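Trainee: Each chain, letter by letter, is given below.
There are 2 protein chains.
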Amino acid sequence: MNFTYQNATQIFFGQGQISKISDAIGTDAKVLFLYGGGSIKKNGVYDQTVQALEGHNWVEFSGVEPNPTKETLDKAIAVCKQENIDFILAVGGGSVIDGAKYVAAGALYDGDAWDILIGKYTPEKALPIGAILTIPATGSESNGNSVITNVGTQQKMAFAAQCVLPIFAIMDPDVMKTLPEKQLANGIVDAFVHVCEQYITKNAGAMVQDGFSEALLRSLISLGNDFNDRDNDLWRANLMWAANQALNGLIGSGVEQDWSTHMIGHELTALWHVDHARSLAIVQPSLLRNQIDHKRGKLEQMGRNVFGLEQSDDLAERTIDAIEAFYNSLNVATQLTEHGDDKQGAIDAVVSRLEGLNFVSLSENGTVTPVEVRQILTNAVA
Amino acid sequence: MNFTYQNATQIFFGQGQISKISDAIGTDAKVLFLYGGGSIKKNGVYDQTVQALEGHNWVEFSGVEPNPTKETLDKAIAVCKQENIDFILAVGGGSVIDGAKYVAAGALYDGDAWDILIGKYTPEKALPIGAILTIPATGSESNGNSVITNVGTQQKMAFAAQCVLPIFAIMDPDVMKTLPEKQLANGIVDAFVHVCEQYITKNAGAMVQDGFSEALLRSLISLGNDFNDRDNDLWRANLMWAANQALNGLIGSGVEQDWSTHMIGHELTALWHVDHARSLAIVQPSLLRNQIDHKRGKLEQMGRNVFGLEQSDDLAERTIDAIEAFYNSLNVATQLTEHGDDKQGAIDAVVSRLEGLNFVSLSENGTVTPVEVRQILTNAVA
Numbered sequence: 287m288n289f290t291y292q293n294a295t296q297i298f299f300g301q302g303q304i305s306k307i308s309d310a311i312g313t314d315a316k317v318l319f320l321y322g323g324g325s326i327k328k329n330g331v332y333d334q335t336v337q338a339l340e341g342h343n344w345v346e347f348s349g350v351e352p353n354p355t356k357e358t359l360d361k362a363i364a365v366c367k368q369e370n371i372d373f374i375l376a377v378g379g380g381s382v383i384d385g386a387k388y389v390a391a392g393a394l395y396d397g398d399a400w401d402i403l404i405g406k407y408t409p410e411k412a413l414p415i416g417a418i419l420t421i422p423a424t425g426s427e428s429n430g431n432s433v434i435t436n437v438g439t440q441q442k443m444a445f446a447a448q449c450v451l452p453i454f455a456i457m458d459p460d461v462m463k464t465l466p467e468k469q470l471a472n473g474i475v476d477a478f479v480h481v482c483e484q485y486i487t488k489n490a491g492a493m494v495q496d497g498f499s500e501a502l503l504r505s506l507i508s509l510g511n512d513f514n515d516r517d518n519d520l521w522r523a524n525l526m527w528a529a530n531q532a533l534n535g536l537i538g539s540g541v542e543q544d545w546s547t548h549m550i551g552h553e554l555t556a557l558w559h560v561d562h563a564r565s566l567a568i569v570q571p572s573l574l575r576n577q578i579d580h581k582r583g584k585l586e587q588m589g590r591n592v593f594g595l596e597q598s599d600d601l602a603e604r605t606i607d608a609i610e611a612f613y614n615s616l617n618v619a620t621q622l623t624e625h626g627d628d629k630q631g632a633i634d635a636v637v638s639r640l641e642g643l644n645f646v647s648l649s650e651n652g653t654v655t656p657v658e659v660r661q662i663l664t665n666a667v668a
Numbered sequence: 287m288n289f290t291y292q293n294a295t296q297i298f299f300g301q302g303q304i305s306k307i308s309d310a311i312g313t314d315a316k317v318l319f320l321y322g323g324g325s326i327k328k329n330g331v332y333d334q335t336v337q338a339l340e341g342h343n344w345v346e347f348s349g350v351e352p353n354p355t356k357e358t359l360d361k362a363i364a365v366c367k368q369e370n371i372d373f374i375l376a377v378g379g380g381s382v383i384d385g386a387k388y389v390a391a392g393a394l395y396d397g398d399a400w401d402i403l404i405g406k407y408t409p410e411k412a413l414p415i416g417a418i419l420t421i422p423a424t425g426s427e428s429n430g431n432s433v434i435t436n437v438g439t440q441q442k443m444a445f446a447a448q449c450v451l452p453i454f455a456i457m458d459p460d461v462m463k464t465l466p467e468k469q470l471a472n473g474i475v476d477a478f479v480h481v482c483e484q485y486i487t488k489n490a491g492a493m494v495q496d497g498f499s500e501a502l503l504r505s506l507i508s509l510g511n512d513f514n515d516r517d518n519d520l521w522r523a524n525l526m527w528a529a530n531q532a533l534n535g536l537i538g539s540g541v542e543q544d545w546s547t548h549m550i551g552h553e554l555t556a557l558w559h560v561d562h563a564r565s566l567a568i569v570q571p572s573l574l575r576n577q578i579d580h581k582r583g584k585l586e587q588m589g590r591n592v593f594g595l596e597q598s599d600d601l602a603e604r605t606i607d608a609i610e611a612f613y614n615s616l617n618v619a620t621q622l623t624e625h626g627d628d629k630q631g632a633i634d635a636v637v638s639r640l641e642g643l644n645f646v647s648l649s650e651n652g653t654v655t656p657v658e659v660r661q662i663l664t665n666a667v668a
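Here the protein sequences come in this chain order: A and B. So the working numbering is basically just the index in the first sequence, starting at one, shifted up by 286. So the working numbering is basically just the index in the second sequence, starting at one, shifted up by 286.
Because identical chains share one entry, a pair is satisfied inside a single copy or across any pair of copies.
Pairs of lysine to aspartate or glutamate, DMTMM-like flavour, derived with a Cα cap of 25 Å:
hint	residue 1	residue 2
1	K306	E542
2	K584	E542
3	K629	E658
4	K328	E467
It should be emphasised that the hints constitute simulated quantities derived from the structure, not laboratory data. The structure displayed is predicted, hence computed values, not measured ones.
Please put together the full structure from these sequences, using the hints given.
Mentor: As structure tokens, this is what we get:
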């Protein structure tokens, strides 16, 4: 259990916290106010942000997409360079905040910022970022991870860098009041899979990490079970905090991780624009069934400690069934249907794209090979 | 659930990590190497530290006591001022690291550093601190808390300041190999009570905080139950990480806290030199029995989720019994015996000292009044 862990993001959590940016951003900084579509104009967050920015020098850049694109974000980088921006204020969900990280690093780089994604440039400096979170799901508000889509090449790729960790994150659960049901359900599934990717691996006996992961999984299940009673402050606060803790580096410190569900799911999104959370729900149960012999011990532990299942010879199988049933209970499907009529062609397309990433094998055991990915997809493609 | 949370300490966790200080401390800084008695010379930590400091400019200051004293630490402050120290490297347990915080803040203050403890001076700047932890217990390696004893006035008082948060903490579980049984047992109890002080309060429905707290309590109980099999890497690593997470600000964010066991326990240490952990074990069961009507809901939750007890009318009572039995299983007594023959005099002394701190009432409900403290102590003093 050897690891280095640091997470310096300052969290301002609770109702009315958006006003805190007024002090958290120096008035001598020129701010790029980065956001997505118009939802923040409808739910009041835009107005609250503008009010808190009074006395600051700022320009805005809108239109960051869900699954933010290199093409749009490169324009934001150009604005940063042209306007001598000192600070990026990202107001939105994981997509806007992920996009802000690409912009923040790209603004201090002379080449094509996509170089970061392909490993040609490793950012060690970036403009400082502050985040106002509007959709609890990805944990992007307090981690250094970012996933960017290149429309031109149909690639969806990730990078991680300490220098793009937001220096503060405003988490006001009230922003969730106007979120559509689908985004809340997606957020629960996304956070759930984030925990699983750090938990359903070799059983190393890390008590604190396992215990924290199980606490998050139980919380998310409980929030999902109470989904119809979600219109209350406590439900919102619990979901927002759980999704944050699911991916801020803590539960994954000192344990093996397996992000193969994400790797495969990203291709479903890149090819057929499947919602990120849904892409995970499609891949994960099938992948776990495929890898069950490698993950049986942890799946059994999860069955007992998360789902409260009794021991049995098929406990690991029942645990996977319980995970799938949980997603379905939130109206999140676990079969791919967006691929058209050509099932074999769809499977070939995903495997071929993974191979294009120099994919040899995934998972903490290196046992998710192209052969296994074909099997996983065969069972996940309707 | 409104809160601000930030913990920027960089954790280097695992075997062989002491060498990391070589890079973590700039070679242009003049370092004060602060430690306690001779234990680090016997277990090799002193030599590892000296080796890692090669190329650095450093001086040492030893003799920081368990329950570190103003009197000793003021001498270290004088050394800092005289030697123009830039960085404090604290090598030890909670006492040395707590002491380092007092020294770090006091070195940049012209007056008597005890002013910090009595609220006359609020430190907003301090020398940077790095910590090499040798005893897992207090969490001091990654929090901004410090407890200092004034021998002259027989006061044991606490302060907290963001500026004394260690910038890094080296946590190598191997340092625990030579710790006496008593210190390991004390560490488990200390960490257990730290979690309880943030958990056994009003039931606010904070799922993540409660779930994390319960995970830590279950881990500590499990480690205590395996105490006789403690000579292995995993046991040491789990205890070291659990004790850290028990008091780094995370589980207490957004929930009410009740540090009354600590407040009363500090007086037992100041008056009769009771070990810190043992002072908590003496006070806590009696305090919980006294406050049971205010804490029944959370105690019942703890009984179910931590001790695995079945629901019953007396579940809260049985939970307290289980806590006390856990301490006793570690040979940590839950009755004060050091006070001499005068039981009533001992109780009067503690209450009088608390009143000297302008004590009106303690606990999240303000229900631990002097009358209740008398009752609590009557049941805790043998």
